[in-house]
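Sequences are here, hints too, so could you generate the full structure?
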Amino acid sequence: MNQTFKKETFRDDYTFSNSPEAVKRFPFPFHEDEYMYSVNIEPHVKTAVGSITEFTFDIDEHYVAECEDKAITLANDPQRYLCLPHMMDAQWDTLELMMESMSNDYPEQFNLTKEGDNWTWVNKPLGITTKFVFGDESSLPMEPLEYIGRQVQGDWVMLDQRDNNLFADGAIVTSQADWSLAIDVGMSWQEWHGPVPIANEIGVFDRALKYLLNLQLGSPVRRLNWTMTINPRLDTSPENYPIWGPDRLSVTPENVGDKVHLRVELQTLFRLPRSNGMLFGVRGYLISMNELVTNPLWAKRLHRVLKGLHPELAEYKGLSYKDITIDWLSKYDDGTSSE
Amino acid sequence: MSHLNVKVAAIEQVTEHVKHFTFISENGEKLPAFSGGSHVVLALNINGRIHRNPYSLMSSPLNTEHYGVSVRKQEMSRGGSVFMHEQIKVGSRIQITYPVNLFSISKLSHKNILIAGGIGITPFLSQIVDLNRMDTEYELHYAYRSPEHGAFRQQIEDMCGERSHFYVASDGQILDFYALLSKQPLGTHVYVCGPEPMVNAMIAAARDLGWPEKHIHNEQFTAPQAGESFKVKLALSNIELEVPSEMSMLEAIEEAGVDAPYLCRGGACGRCELDVVSCDGSIVHHDNYLTNAEKTGGKKIMPCVSRAKCQQIVVNL
Numbered sequence: 001m002n003q004t005f006k007k008e009t010f011r012d013d014y015t016f017s018n019s020p021e022a023v024k025r026f027p028f029p030f031h032e033d034e035y036m037y038s039v040n041i042e043p044h045v046k047t048a049v050g051s052i053t054e055f056t057f058d059i060d061e062h063y064v065a066e067c068e069d070k071a072i073t074l075a076n077d078p079q080r081y082l083c084l085p086h087m088m089d090a091q092w093d094t095l096e097l098m099m100e101s102m103s104n105d106y107p108e109q110f111n112l113t114k115e116g117d118n119w120t121w122v123n124k125p126l127g128i129t130t131k132f133v134f135g136d137e138s139s140l141p142m143e144p145l146e147y148i149g150r151q152v153q154g155d156w157v158m159l160d161q162r163d164n165n166l167f168a169d170g171a172i173v174t175s176q177a178d179w180s181l182a183i184d185v186g187m188s189w190q191e192w193h194g195p196v197p198i199a200n201e202i203g204v205f206d207r208a209l210k211y212l213l214n215l216q217l218g219s220p221v222r223r224l225n226w227t228m229t230i231n232p233r234l235d236t237s238p239e240n241y242p243i244w245g246p247d248r249l250s251v252t253p254e255n256v257g258d259k260v261h262l263r264v265e266l267q268t269l270f271r272l273p274r275s276n277g278m279l280f281g282v283r284g285y286l287i288s289m290n291e292l293v294t295n296p297l298w299a300k301r302l303h304r305v306l307k308g309l310h311p312e313l314a315e316y317k318g319l320s321y322k323d324i325t326i327d328w329l330s331k332y333d334d335g336t337s338s339e
Numbered sequence: 001m002s003h004l005n006v007k008v009a010a011i012e013q014v015t016e017h018v019k020h021f022t023f024i025s026e027n028g029e030k031l032p033a034f035s036g037g038s039h040v041v042l043a044l045n046i047n048g049r050i051h052r053n054p055y056s057l058m059s060s061p062l063n064t065e066h067y068g069v070s071v072r073k074q075e076m077s078r079g080g081s082v083f084m085h086e087q088i089k090v091g092s093r094i095q096i097t098y099p100v101n102l103f104s105i106s107k108l109s110h111k112n113i114l115i116a117g118g119i120g121i122t123p124f125l126s127q128i129v130d131l132n133r134m135d136t137e138y139e140l141h142y143a144y145r146s147p148e149h150g151a152f153r154q155q156i157e158d159m160c161g162e163r164s165h166f167y168v169a170s171d172g173q174i175l176d177f178y179a180l181l182s183k184q185p186l187g188t189h190v191y192v193c194g195p196e197p198m199v200n201a202m203i204a205a206a207r208d209l210g211w212p213e214k215h216i217h218n219e220q221f222t223a224p225q226a227g228e229s230f231k232v233k234l235a236l237s238n239i240e241l242e243v244p245s246e247m248s249m250l251e252a253i254e255e256a257g258v259d260a261p262y263l264c265r266g267g268a269c270g271r272c273e274l275d276v277v278s279c280d281g282s283i284v285h286h287d288n289y290l291t292n293a294e295k296t297g298g299k300k301i302m303p304c305v306s307r308a309k310c311q312q313i314v315v316n317l
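Read top to bottom, the protein sequences are chains A and B.
Here the first sequence is numbered in the numbering used here, starting from 1 and rising by one per residue.
Here the second sequence is numbered in the numbering used here, starting from 1 and rising by one per residue.
You may find that some hints are simply not true.
[Unchecked claim] Derived BS3-like pairs: lysine-lysine, alpha-carbon spacing no greater than 25 Å straight-line: (1) B:Lys214 <-> A:Lys210; (2) B:Lys295 <-> A:Lys46; (3) B:Lys30 <-> B:Lys7; (4) A:Lys210 <-> B:Lys295; (5) B:Lys111 <-> B:Lys7; (6) A:Lys131 <-> A:Lys114; (7) B:Lys300 <-> B:Lys231; (8) B:Lys30 <-> A:Lys114; (9) B:Lys73 <-> B:Lys19; (10) B:Lys299 <-> B:Lys309; (11) B:Lys233 <-> B:Lys309; (12) A:Lys210 <-> B:Lys299; (13) A:Lys24 <-> A:Lys7; (14) B:Lys295 <-> B:Lys309; (15) A:Lys124 <-> A:Lys7; (16) B:Lys300 <-> A:Lys131; (17) A:Lys24 <-> A:Lys6; (18) B:Lys7 <-> B:Lys73; (19) B:Lys300 <-> A:Lys210; (20) B:Lys183 <-> B:Lys309; (21) B:Lys30 <-> B:Lys19.
Derived from the structure by calculation, the hints contain no laboratory data.
As structure tokens, then:
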């Protein structure tokens, strides 16, 4: 694969944009004209060439720029990486899974060589070569999850499984949709999902937990989730709310197409072998309304989904600019089928 | 569900009734890493019918060039363990599942008490490797019938040293659960694997002594029991089938060509749970997964081990 990586920013001047190819492969999440929470989990199997699930971990045109943005966020706030001491096995499990997958799937970009426990990792796009001893923390410049998490797009949470429950006991989180790692680290499944409206009442989380406790090694799963973001900003954390929160008030009928972005999360879950823990990935994809309406069916469908969105969900997702967006999208909806 | 293709590299007669099997992957590559306490499910083709039996991995999680399982020949077996003992030879090819762990060591425990009865020793051998590696405090208490039944004793002494304790029933050595569990520090977890009466007695003693429920762990795979035959209707696939007396409901469903979910096949994990739409008789629950309320409610069944006494049971599959 001959991937070129864009030079772009996710803050300040916000030069991020999607190429036509990136728009084409965007994971539009709505299968019908309305949306409600469900246990929409499916096997994380490889799909068509060029799709975002062609490989276990998707490396796309935004890879280098996203990793650079991640480094800025971590430099400003080192607490975006937190890990409890009993998760060291899970950290190595995660590093191994990512290095093996990426070097197998993108051999021109990434290379992993092993001589026993002496490993050499080469990341060409980021210009990294590291020799280290697998299982020996002192041989890496930082803990394994932070080391590899800086080199993979998205946020990565490691879950410990005990007491028939899952605990978010370690993570690297730099592009979250308004949740705080510093607050959530160590929390149980029920605790960190507590704030989500409606889904708790309809039993979605109880069923999903029961399913995930039996997640099998070698059979990862995935689901899509979504929200919306003003400006193509990755770091929409509670810690930095004063920086990005007020942007919600900047949306006008004239700038909806540029400012309002649909943000889709490809969430993946992997059983980890040595730790019997789990890796939970949240990989975000951003698309501006201008880019989205280049697909007429998406434009119609998003218009209808937003119009019918349950008020509690709109409130929880912080879509204070929903009505302006619906008005703007209405000109792309002639009422015909969105199938 | 993902599978691995392995072949038998070595077989060792460990005691009169126990054989140890060493598996290597068919393609010569390393097998997947796993955590102590994991098991795999073997798919055994016995006279054209697939039997699936779970066995604990007892090889070291640090060396996945091979996997090891030990099988006790069960006199009352439906055939799986006898087949392993009599038909499986070096070079035999077997399909196994990826490792699954339903018996993992709590990473937040301050101390771990491992209690094994007879062949129930197997899951602890891989756990001991993890506990040694992580330098976690533990004791192993291994009870068995008579000296010739003490499988793996030498290996255990080598791995655990003074942390291992042996109780040989024929020598009058009895493991006193009350004495053992009443003197443990706060934060201790206890794990038991062995015959059902032993598991139940240990759990009763721990509860009686006020141990927190979350600190009491057991692994108990129930083998499917024979029973009367009955008819099953799969409401979603619109298939009707008969469960013969010597077959489990899950096996009958699989033989009808329906891909039903499962993991442990021993009534422990909950993965194969089915919703019961109707049943014109009663459900005979054999699992350790459903709560008593769920069992009496009659709306759920674990087809890997449970049966029905009825003309027809309708399930959502």
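| Against the structure shown, which of the earlier numbered hints fail to hold, in ascending order? | Of the numbered hints given earlier, those the structure breaks are 2, 5, 16 and 20, listed in rising order.
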